[in-house]
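K.L.:
We have chain A; now place chains B and C onto it with these hints.
Residue numbers (this note's numbering), protein chains in the order written: chain A, 1 to 202; chain B, 1 to 1012; chain C, 1 to 135.
Since the hints were derived computationally from the structure, they do not count as laboratory data. Among the clues, some could well be false.
Said to hold, decoys possible - Taking lysine to any residue pairs in the SDA-like style, the calculated list, with each CA pair at most 25 Å apart, reads:
1. B/Lys-288 with C/Thr-5
2. C/Lys-27 with B/Gly-881
3. B/Lys-896 with C/Asp-33
4. A/Lys-11 with B/Lys-633
5. A/Lys-11 with B/Trp-630
6. C/Lys-12 with A/Asp-109
7. B/Lys-991 with B/Gly-936
8. C/Lys-36 with B/Phe-173
9. A/Lys-12 with B/Gly-881
10. B/Lys-808 with A/Asp-109
11. B/Lys-896 with B/Asn-917
12. A/Lys-12 with B/Thr-635
13. A/Lys-20 with B/Val-727
14. B/Lys-614 with A/Glu-190
15. A/Lys-92 with A/Ala-104
16. C/Lys-73 with A/Asp-141
17. C/Lys-36 with B/Leu-909
18. A/Lys-20 with B/Lys-633
19. C/Lys-85 with B/Met-257
20. B/Lys-897 with B/Lys-633
21. A/Lys-148 with B/Lys-442
22. C/Lys-12 with A/Leu-144
23. B/Lys-442 with C/Lys-12
24. A/Lys-12 with B/Phe-173
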Amino acid sequence: MSKVDMHMILKKNTEFLPQKPYNPLCFDLSVRNDLCMLDLRINANDTLALNAISKSLKGLNLPLNPFTSVQNTIYSILWLSTDQWLIVASEKQSEELTQSLNQALSAFDYFSLCEVSHMRSVFRLVGRQAENIIHKGGSLDTTLPYFKDGFVKRMSFAEIPAIVHFLSCQKEEQMIDLYVFRSYANYVFEWLNQTGHKDAAL
Amino acid sequence: MSAKPYRLHSNLSSDLCGTHVNRNKVCNFTFDGKNYTGFEGDTLASALFANGVRVVGRSFKYHRPRGVLCLGSEEPNALVEVGEKGTHSPNLRATEVNLYDGMVARSQNRWPSVDFDIGHVNDFLSPLFPAGFYYKTFMWPASLWMHYEHIIRRAAGLGTAPTTQDSAFYEHFHQHCDLLVIGGGVAGLVSAYAAAKSGSHVILVDEQAQLGGCSDYFNAQIDDLDHNLWIKMIISELRTLSNCTVLTNTTAVGLYMHRFALLNQIVSHTHQAEGFSPKARLWKVRAKNIILATGALERPLSFANNDRPGVMLSSALRGYLRRYDVVAGQAGAIFTNNDNAYETAFILKEAGVNIKAVIDLRKQIPHVLRKRAESLNIEVFSGYAIVDVKTVSMGKKIDHISIARILQSGRISQLSSLNVDFVGMSGGFNPAVHLFCHVGGKVQFDKKINSFKPKNDIPHITSVGACNGVFSLNNIIKEAFNTGENVAMQASLYKKVTLKKPKKIEASTNSTLAKQWFIPSIRKYNDGAKHFLDFQNDVTIRDIELAVREGYESVEHTKRYTTMGMATDQGKIGNINALGILADSLDIDIEKSLTTTFRPPFTPLPFGTIAGTKAKTLFQAIRQTDIAHWHEKNTIDFEPVGQWRRPYTYRQAHQSRFDSIQEEVKNVRENVGLLDASTLGKIDIKGPDAVTFLNRIYSNSFSNLKVGRCRYGLMLNDNGFIIDDGVTAKLADNHYIVHTTSGGADSIAAMMEFWLQTEWRDLRVFITPVTDQYAQIVIAGPKSRDVLNACSSDIRFGADDFAYMDVKQGHLNGVPARVYRISFSGELSYEIAVPAAYGLSLWNTLLECGRSYDIKPYGTEALHILRAEKGYIVVGDETDGTVIPKDVGLGSMVSKKKPDFIGKHSLLLMDDLNRDNRKQLVGLFTEDPNEVLPDGVHAVNEVKKAPPMKMIGHVTSSYFSPTLKRSIAMALIENGRKRMGERIAFPFDDKIVHARIVDHIFYDKKGERQNV
Amino acid sequence: MLEITCPICHAKGDEIDFTAGGEAYIKRPATQDPQKVTLHAHYEYLYIRTNPKGPRNELWHCTRGCSKWFIMKRDTMTLEIIETKCFDTDLASEIKLDNKSAIPKQHIKKTPTPSQKTTPSNKPKTKPKKTSKKN
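Bound-form chain A, shown alone (with noise of 0.2 Å):
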C-alpha cells in the first residue's frame, strides 16, 4: 500500500480542454493551463497581516484599489473584492506559495487561503480584436478612467460569470487574460471560436 505503483499516479487530463482553436480566428488565443492560483480573503483594514503577506510575497503589496492589479516576475495578484485577491503564480511555485503564505498567516485567525488552481480555466487573448470579443461576450466600460494597463474585473462574459485581466489595453497589442469556471471552459471555447471568427471581426 505504502509503495506507490507508477503507473497508477493519477495524472491530470489533458484533453478536457483543446489547446488550439479549430477555426481561423481574428486574435491568439491560448489556453494558460500551468497556472497555481490562490484565493485570499482577508480584511484589508488588518495591516499587519498585509505586511506579512507583502513579506512573504517577496515585497509584492496586495493591490487596493479596485480592479487593479500588481506583478513582479513570479506573481501576479488581481484585486477581486475589498477583502479578496486572486495570486497567480506558475504552476511550479505552488507549493513554496502555498507554504509561505500559510505561514506569513498563521499568526492570524481571520483569514481564508484556498487553493483553486483548478477551479478556472484561462484564456489569454492577443491581438487588435481582443478588447472586441470581449465586448461581444458582456457589458464593460472600457471608456472608464480606471481602464488602464493592469486592469481586471468581474463581468457576464457570454451569460457565464468571468474575469477579465487586461495586461495590456493598448489599441495596438491588446493582451487579455480571461479567466472562467473550468466547468464552462469547453463552453467558451466554443464560444470563443465562433464568436471570434475572422469573418466576424469588427
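P.N.:
Frame of chain A; chains B and C shown alone:
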C-alpha cells in the same frame, strides 16, 4: 442592357440624379417568381419601380392592391419576404432591402397571387369588417370561434414565419461612449462632427446605406456651393476621426432608461450570410449623452382612395429620382398643403418627368412658387383638392384623378379630371419623436408644423433638427453645432477646437401650411371612397369616427379599437392624421389630445438578432465535469441538472433504458458502483465565527461537530421551508466545507454572503465557493472498500480507521485527496475529492482497480432509486418550497436549543406550519406491484365520476425498485403518517390506480448496510 | 436598463452587473433579540413591504464588481437613482479610486501596535449580540 420604362436615362437628368446606383453593375433578382434586373445600390423598391412593378402587396384587411408609399423605413405597404421559402426573412420593407445579385423576393398577404387576390372581395364586403371587428367577433357564439378563427387568420395578416433553422450567425456587441448620435442627416452629421472634433468618443448611426439623410433630395447652397458638397466634406472628415464610429445600415430600434440604446446593424449584404460573418449585429450602447437627429416623416393627405398604387409621398418621389433615377409613372400630379412639395414638382419636371399640376389646398400660395411653376409649365390649382382617384384593372393602376375646388362650407365645386398615373402627396412633416418617447419623453403640439415635437425634458437626451421641429437648414446647422459642442464640453477628453462652420446658407423656406385633416370626396365610403389613415392596418377615417360613435374617445382606446398605429407601423404614417380626425370628431383642439404610446422597436427586429450568439451550439452555457468526455463515449442518455448535463444512465443505443437503470442499481447493492458527483456544490467556510455561522444557516446544530467528522445539514429559508441540504465536513478548527445540491451551489453561496453582509456583519467568516476546483467521485457498494484498498493511498479505509461520517485528507495514487465516508445510497460508500484535472484519471483508476469487483458506473436515475429505497429526500422532488422539515420526517433536524437560525421563528410562530393536517411524506405500494405511478399525480379522498374531487396529496418520486422487485413511490399526503396502511386512489389518464400507504423507508430501515 | 454605480468599489455598469435584493432596512426581529420575537413582528418582517410610488431604499449587490451589498435609493416611478450608500460608512471612505498613487495604502497608514491587532477580541466596530455567541 434593356432600357427600363421607369428608369430615366442618366444623360437626361442632372448630375444630382441616380447618385446611389452603379449602372455598371447589374443585379438579377426575382420578385414573385418573375425575373428582373436592377443596379447595385438599388433598394428592392427602386428596382421594382424601374421595372414598372407597381403592386407590391395586398393590404392587411381589405386586400387592396398596394404600391410603395415611402422611401425609407416608414414604408407601410411594401412588406416582402426575402430568401428561398422556408429560410426566408418575412416582413422586410422593400424600401430598406438593398438589392444584390441573385436576390429572391416575394410579396406577402396575397393568395393566390398579388395580381389576383381572392381576399380582395373583403374590400367590397367592407361593411362586414368595421373597426372593432375583432372585438365584435368575440361576442358571436363562442362555439363558432373554432370555425372562423382560421379564416380570419388567413385573411388578415402579415408575412409567414420561416420553417427551417436560420443558418446565419448573429451577435451582440456592447459599447460605451460619450455621445451617441442617432440619424446621419445634416443635423446628426454636424452634431457628431462638432463633438468628435472636440475630443468626445462618438458613435453615429444611420439606418440607411449612405449618410446624408434627405439632403440629397433637397436643393440648397452652403457658402455658394451645392450643400451636398459641404456635407460630403463633413462626412469624409468624420470618417478620419478615430474617436468616431460611424455605423450605416444600422437602425436605433429602441431607447431605454439611463441612455441605453439598442442598435440593429445589418452586416451581411445578402440574405444568407457568408460563413461565420454575422448577418446582423445588435449593439447595446450606453452613452453619456444622446443626440436624436432622427428627422421627420412626411404625412399623407387623407383623401379618397389615397392608398392606390401610384399615390406616394411627395418627398419619396423626389428621393427615388435623385437616388435611383426612377419615377413612379409617366405623368403625375402633386397634391399638397405646404411649400415643400413644390420642390418635388420642380425637381421632377427639371429632370424631364411630366408633372401636370400642383394641387394645393391653400388659397394663398407664395408668389415665388407660383411663378416658378408657371415658368416650368406646371399648372397650379390653389384651393383645390384631389377628391377621388380612379383606377383601372381592379385598382392596380391609376387612370385619372378627380380634382375640385374646396368651398368654405366643406362642399366641393368645379369638378374636373386630370389624366395622371402617379400622385405625390404632402400633408406636412411629423418630427420622428418615436425614440424620444421610448424613454418616456413627452411631446407638445406645435401649431407651426401642425404636429407634435419633443418637450426635451429628459436629461442628456437632446433632439436636434427636424425631429425637434426645426426645418430650416440654417437653423438646423446652427442648432447641431451648438448641441454637439455643448455635449463635448461635458466629456472628460474635451479640447477646444475651431470648427468649420458655414458662413452663408441659402435654402427654401416654408410658409404656413393648410390645416385640414379631412379632404372631402365625391362618393360615399361604401361606394369606394375610403380615406386611409393607417395604410398598414387598413384604418380609415370612418373607422375613427365609428370608434368615437361607439364611445372609444380616449386616444389609447381608439388605437386598440381600430388597430391604428399598431404592428410594424407604430404610428409612423397615420398617427397624426388619425389624431387630427379624432380631435375633429370629438370637436376638441388637437393640442389637448394626447399621442398614443410609441413602443420599441422602431422597426422590426428579427428573432436572430435578439438571440445573438445564444443559438445553435451556444444556445445555453453548458457546464461539464472533467469526466464529461468519458461519459459522452459511454452513454447516450443525459439529463440536465441546472446547466450541467449528467449521465442519466450508462447505456448504448441497443440497450433499454429500464434494464440499464435496474442493472446499475443492482450492481451498487451487490457489488460496487461509481458516480460522478463533481457537480455537487462545494463552499469553503473559514473564520473564527464559522460554527456560529453554520448554526444560524442550518436548522440543525454544528456546535459539537469534531474535526474530521461530517454532518448532514438542512437549510431553510426564513419562512421555514426547506431550500437545500447536504453534508458539511469539519476539516480543521474554524474551517468547514459545505456541500450543496448541484443546482443550488451558486444561489446558496450568494445567500450566505447576503446574510453575512447585511444581517450578521459582526460574524468573522469568509466563504469561498470552490465547486469547480474539485472532481468528486462516489464509490458505493459492499465492495467499495476493497476497491479503495487496491489503490495506493496513505489513508486507511478499514472500518476501524475510517468510520461512517468521517472525513480524511491524504493522498490517493500520488495526488492530494479528501475522502468522505458518507452515503446517499445506504451502502458502504466513500466520496473522493481530488483537484479537478485529476478527476478523469481517478475515475479510470477506480474502474481499473474495481474491475475484479465488477465495478460499474451508475447515472442519476440509479442514484435516485438508491436513495428512494432508503427514503432519503431530494430537495426539489420531495420539497417544493412549501415543505418544512417535519413534513418530510426530519423534525429532529430542527434544533430546539439554538436561539436563532434561519427559519426558526416561522416554524415556531406561524400557525400554518403547526397545523395537524399538513401533508406528510409517506411511502406507497401500488396494489399492482408492476404499476409505477407517474411523478406528480394527485391522490383523492373519494373517487367520483368527474372532477372536482378533493385532492389530498401527490406523488413526489416514483420508481421501479430492483431491490424490492416492485414499484415504490414517495408522496406527500395529508395526515399521511396517521394513515399508515390506508388504501388511497390516484385517478389519472382515464384510469384509477390504488396504493397502500407505507413507511417511506423501504430498505434497510436500521441503516446497517452503510455502517459496516 | 438602469446604470448603477457601486458606492463601495465605484464599479459603474448595467443593471445586469448587479443583483436586486428587495427593500432595504427591513428589520429581522430574531437578529435583534431571538427571545422576544412576536408573531406580528415576524410576520411584518417576512411579508410587509412599503412598495411606494416614488423613492424607495433597496438592497443591491455588486455582483460583477466587489461582490458587496449596498443600499440604493431609487425612485420607482422615474427610475432615477437618488443615492447609493454602503452598510459600513468606514468602508466607503477607505476606498477611493486613486490609481495614480504609487504607494499602497498600508504603508501610508499608521501601523497599530501588534498587541492591538492580533488579539481575537479585536472585532469590527459593531458590537456582537450577546445571544448570538451562544449557539
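K.L.:
All hints are to be evaluated individually against the structure, with a verdict given for each.
P.N.:
Outcome of the hint check:
1. B/Lys-288 with C/Thr-5: Judged against 25 Å, a Cα distance of about 14 Å means the pair holds.
2. C/Lys-27 with B/Gly-881: Roughly 23 Å separates the two Cα atoms, so the pair holds.
3. B/Lys-896 with C/Asp-33: Measuring from Cα to Cα gives roughly 16 Å; hence the hint holds.
4. A/Lys-11 with B/Lys-633: Holds: A/Lys-11 and B/Lys-633 sit about 20 Å apart, inside 25 Å.
5. A/Lys-11 with B/Trp-630: Holds, because 15 Å separates the two Cα atoms, which is no more than 25 Å.
6. C/Lys-12 with A/Asp-109: violated, 34 Å
7. B/Lys-991 with B/Gly-936: With a Cα-Cα distance of about 15 Å, the restraint between B/Lys-991 and B/Gly-936 holds, given a limit of 25 Å.
8. C/Lys-36 with B/Phe-173: Violated: C/Lys-36 and B/Phe-173 sit about 54 Å apart, past 25 Å.
9. A/Lys-12 with B/Gly-881: violated, 41 Å
10. B/Lys-808 with A/Asp-109: Judged against 25 Å, a Cα distance of about 23 Å means the pair holds.
11. B/Lys-896 with B/Asn-917: Holds - the C-alpha atoms of B/Asn-917 and B/Lys-896 are around 22 Å apart, at most 25 Å.
12. A/Lys-12 with B/Thr-635: Satisfied, since the Cα-Cα distance of roughly 23 Å is no more than 25 Å.
13. A/Lys-20 with B/Val-727: Measuring from Cα to Cα gives roughly 39 Å; hence the hint is violated.
14. B/Lys-614 with A/Glu-190: holds, 12 Å
15. A/Lys-92 with A/Ala-104: Satisfied, since the Cα-Cα distance of roughly 20 Å is no more than 25 Å.
16. C/Lys-73 with A/Asp-141: Holds, at roughly 23 Å.
17. C/Lys-36 with B/Leu-909: This hinted pair holds, its Cα atoms lying about 12 Å apart.
18. A/Lys-20 with B/Lys-633: Holds. A/Lys-20 to B/Lys-633 sits at ~22 Å (cutoff 25 Å).
19. C/Lys-85 with B/Met-257: Since the Cα atoms of C/Lys-85 and B/Met-257 sit roughly 21 Å apart, the hinted pair holds (cutoff 25 Å).
20. B/Lys-897 with B/Lys-633: Cα-Cα ~51 Å, so violated.
21. A/Lys-148 with B/Lys-442: Violated, at roughly 40 Å.
22. C/Lys-12 with A/Leu-144: holds, 9 Å
23. B/Lys-442 with C/Lys-12: violated, 28 Å
24. A/Lys-12 with B/Phe-173: violated, 36 Å
Hints 6, 8, 9, 13, 20, 21, 23 and 24, counting from the list given before, are not met by this structure.
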